[in-house]
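Asks: Chain by chain, the residues run as shown.
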Amino acid sequence: MRKVLLPTLIFIATILLLLRLFYLQVIDESLKLKSDNNAIKIQYDYPERGYVYDRFGKLLVANQPSYDIMVIPRDMKNIDTLEFCQLLNIRKEDFIKRIEKAKVYSPRLPSVFLPQLNKREFAAFQEKVRKFQGFYIQKRSLRDYQVNYGANVFGFITQVNDKIIEKNPYYNSGDLIGKQGVEESYEKELRGIKGVKYIQKDKYNREIGSYKEGRFDTIAKQGEDITLSIDGELQKYGEELMVNKRGGIVAIEPKTGEILALVTAPSYDPAILVGRERSRNYTKLYNDSIAKPLFDRGLLAEYPPGSPFKIITGLVALQEKVVDEQTSFVCHHGFSYARGRFMKCHDSQISQLHNGIYNSCNTYFASVYMKTLSKYRKTSAAVDIWSKHVKSFGLGEFMGYDLPTGRRGKIPTSKTYKRIYPDWDYKPTTIVSNAIGQGEVTTTPIQLANMMAAVANRGYYYTPHIIKKIEGQQIDKKYRTKHHTSIDPQYFEPVISGLADVYNVGTAFGLGVDDIQICGKTGTAENFAKINGKRVKLQDHSIFVAFAPKDNPKIAIAVFVENGYWGKRWAGPIATLMIEKFIKRKITRTDLEKRMLEGSLQGEYDKYIGKHTVDSLLLKKPEIEAVKKEQDTIEDIDDKEAEN
Amino acid sequence: MKNQSIRSHIDWVSVFIYVTLVVLGWLNIYSSSLSLEDSGAFDFGQIYGKQMMFIFLSIPLIIVILAVDGKFYEKYSVILFGIALLLLAGLYVFGKEVKGQVNWYQFGPISFQPAEFAKVGTALALAKYLSDVQVNLKDQNRQLQAMGIILLPVLLIVPHDPGSALIYSAFFLVLYREGLPAWFLWTGFIAIVAFVLSLIWPSWIIIVIAAVVIAFFYYRSRIVDRNIIMSVAILVGVSIFTFSVHYVFDNVFKQHHRDRFNILLGKEVDLKGIGYNINQSKIAIGSGGWFGKGYLEGTQTKGGFVPEQHTDYIFTTVGEEWGFVGCIVVLALFVLLFLRIIYLAERQKTKFSRVYGYCVATILFIHFFVNIAMVLGIFPTIGVPLPFFSYGGSGLWGFTILLFIFLKMDANKVNEW
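Chains as they are written, first to last, in full-length UniProt numbering: chain A, 1 to 644; chain B, 1 to 417.
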């Protein structure tokens, strides 16, 4: 018995090994494929990214070649480090550091040694590249911006980070991907599809030709050119008007929902995010937590809309038939909605809808809102009906436009108030601030612009979108579908005529343009900030919404200027100039233009935060050269972007 | 005369298998270390050239072993064991660190790994001890003494190289053959199973299983044999063991040990980091298919994808280039050699040479199994060489000495009475 144990063990063990071998070698096919992967080199052919044009066919974004120096550490042989470093203008320690990093990644796979050389650097290196075994040059294409505006519209391209590589099998390490703006939303169209070439390696790891006669190779598919609905001139003009101010402008063509301009301020020259300086510049922009140049205020800034919201209050009341055009309220410099609670108003006369709008009478709209909410026995039911009407204008939702960022804003419902007042049967007076666009209501500029588009169209809108044409295909159906508001068309006319008189006799008197009939509405929104733990009231925001012309409208616009005092002071003129620029293509009121272009609110912004030195990047100084040659260039900030 | 008797009495079957394995080993080392500039099999700058030198140098070694008087090994076994222990202990003072392990002595260009020779010393000492007529392994003191012989080198090796120390468990199979009670092996076997299962499942499942098994045996045994205290004690023992596994795993094991287990148990699949070796090894073997890619045609081998391929992972070359069929041939050769040694051991006239023969068979076998099982990904990564195959002078000579001392004893048995 004891003699048998060892031979038995030997047999059992050997059979176990044989079974395992059989499984690995005969049954498990996946290992053979993996082995092929090892012995086959995959070579990518990167197509050129699609160009970007504006709505009139003006080229906005093109490409420029860029060259990455790649290294395969295992293949490095007899490198003259000194010459190499001099050629590329890097330090020797830097050289060693980069090689170490590449080795850590993989000794036999290529890593990027030095990315994004410009033509000059490339040419110098190209001559000598043969001397440096193990190094080669990979051509990629980078963006070449034809204009110095629209950074927030375009977004930028960057190397993919690990998270994206994990999630999306299309991307490999070192690939470029669009981030933010249209580069992100139309990434798939713009990038095209990279071609893949399988190259068979022999046993000495040398390339011996294409794998299986190229049966699995694919040809690169060129990126598609896209045409944006943006009006380049208007975009540029908007950004110029917003220099030294903070805020956003969104202009939409009401008939189509096409975004004509999407301005955020402060902004930056898109070219600074190209080339070897990209990372450094991006970090600067990213770290500026005060001016927030990467924060697209047109899409992201949620604020109480203030008076422009009165348009909706009026329309809802008309639709609910609680008032008509003749219903009058008397205003005594305000509206007393509870004991000791008083909503101030600069007005003091009998207000009807028409003059209520152009005078922006708080009393009138508070009263109208009260009536709307009192129509039903239960305030909560009334709130929900009101809320539904408001939301039919696209307010309080993401809307589904084709830009990668956005905010919902807030249109309260009965649920909101249930949460705020769980045990209290609140009354219409409790929430009367909503009537004038304060209280729980917040919106973003693009929502306001869209709201104006719906008003301009007398009751419908198209989902705002920035794409006009993609080479050879129609734009998404959802951008060609009309959305009707829950307000019947006949109720728009009286409101619109009130809006027209805002320019003639109302709060924007004096801003009008000859022979364009503009309908607009001023707004002023209170705003508070927490400074050193105390709630401080900051200067009000200046808001203006408009569309023009009154009949057959061509543009709807929302302008929002942070700490701009009141509606007429900054936002109103800017909106009017934008409208004039778009419709007439030239500006007649040059004095007003000059005042807006040169005016600065920087003092206002610096007031509470001490002396914040404005980064030169934000002022669009042309001297920032994207390809400035400097030592020690690239930091990896992709991780930071990933967290973002 | 003496030489003549050697020539006629030596077991040529074993010698033939030995030579075949060494030659096959070299061919695979050649394939796995061939570089672009082929400079001939005798380029001593190359790995295959060095191995060729090691192989040729083992010829005089064999001649010396066979020439020495047959009684020499038994007579000086204790001294040889002592030298082996001294060499192991000396590593702590004079050892050279290679890849984090202090396993080497270095004399100028020659380095030397004493652990490979310590196995021979231990086998001789154990054989000597067990061949004493008075030794009966049913006696507890004798058991302790026998285990002491095994544990002495183990204690010296463990701090450097815990994996290699595992090889010494082979000697328990020898002890069993010579009368060690079976429950030693059972305990060891159950402990291993419980250890691995504890890493996979929560402790309570193991304890439930143990309770069921114990209850089963309890009720199946005759009523007079039932021992409730013993059964409960065993259950408690298993429970303590199970709970301590995690403690040992987390606190005693080093990170790379834990990683090896985790990879094996499928808990980690870091194919670029710690899992890289074993994954590449499986890919290389798996890509061999039935008949392999042909000698010197292995793409994985040539691409240098498998790290340490010429040493511990040499079997991947066999798998890739010779395929399943080639693997069967190599495995068959090993099994034949083991069985042949066991057969020879059993027919020895002296207990000394029988025990020694058994030691040789078990040591070779456990290297063989641990190495190939590791390469195939069914055993944790433990750096033990594949006998006669793996690159390395110390390894090759260690195994050669181990085997040929036995063959000398076997050839000598006609002179004994």
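These are calculated hints, taken from the structure and not from any lab test.
Among the clues, some could well be false.
Calculated cross-link-like contacts (lysine-lysine; reagent style BS3-like; alpha-carbon spacing at most 25 Å) [as the list claims (entries may be wrong)]:
| hint | chain 1 | residue 1 | chain 2 | residue 2 |
| --- | --- | --- | --- | --- |
| 1 | A | Lys388 | A | Lys478 |
| 2 | A | Lys3 | B | Lys96 |
| 3 | A | Lys478 | A | Lys537 |
| 4 | A | Lys3 | B | Lys413 |
| 5 | B | Lys349 | A | Lys3 |
| 6 | A | Lys221 | A | Lys537 |
| 7 | A | Lys58 | A | Lys77 |
| 8 | A | Lys427 | A | Lys410 |
| 9 | A | Lys119 | A | Lys3 |
| 10 | A | Lys221 | A | Lys236 |
| 11 | A | Lys378 | A | Lys418 |
| 12 | B | Lys138 | A | Lys3 |
Asks: A:Lys388 and A:Lys478: Cα distance at most 25 Å?
Replies: Distance of about 21 Å is within 25 Å: holds.
Asks: Under the criterion that the straight-line Cα-Cα distance not exceed 25 Å, is the pair A:Lys478, A:Lys537 satisfied?
Replies: This hinted pair is violated, its Cα atoms lying about 42 Å apart.
Asks: Holds or violated: are the alpha carbons of A:Lys58 and A:Lys77 at most 25 Å from each other?
Replies: Violated: A:Lys58 and A:Lys77 sit about 49 Å apart, past 25 Å.
Asks: Does the alpha-carbon distance linking A:Lys3 and B:Lys413 stay inside the 25 Å limit?
Replies: OK: A:Lys3 and B:Lys413 at ~21 Å, within 25 Å.
Asks: Can the restraint linking B:Lys138 and A:Lys3 be considered satisfied, given a maximum Cα separation of 25 Å?
Replies: The given pair, whose Cα atoms are some 17 Å apart, holds under the 25 Å limit.
Asks: Is A:Lys427 within 25 Å of A:Lys410, Cα to Cα?
Replies: Holds: A:Lys427 and A:Lys410 sit about 20 Å apart, inside 25 Å.
Asks: Below or equal to 25 Å on CA atoms is what counts here, so check A:Lys221 against A:Lys537.
Replies: It is violated: about 55 Å lies between the C-alpha atoms, which goes past 25 Å.
Asks: Hinted pair, alpha-carbon criterion (25 Å max): A:Lys119, A:Lys3. Please report holds or violated.
Replies: violated (79 Å)
Asks: Please work out if B:Lys349 and A:Lys3 have their alpha carbons no farther apart than 25 Å.
Replies: holds (16 Å)
Asks: Taking 25 Å as the top limit, are the C-alpha atoms of A:Lys3 and B:Lys96 close enough?
Replies: violated (42 Å)
Asks: Under the criterion that the straight-line Cα-Cα distance not exceed 25 Å, is the pair A:Lys221, A:Lys236 satisfied?
Replies: Violated - the C-alpha atoms of A:Lys236 and A:Lys221 are around 32 Å apart, more than 25 Å.
Asks: Does A:Lys378 pair with A:Lys418 here, judged by a C-alpha cut-off of 25 Å?
Replies: holds (13 Å)
In summary, the structure is inconsistent with hints 2, 3, 6, 7, 9 and 10 from the numbered list given earlier, while agreeing with the others.
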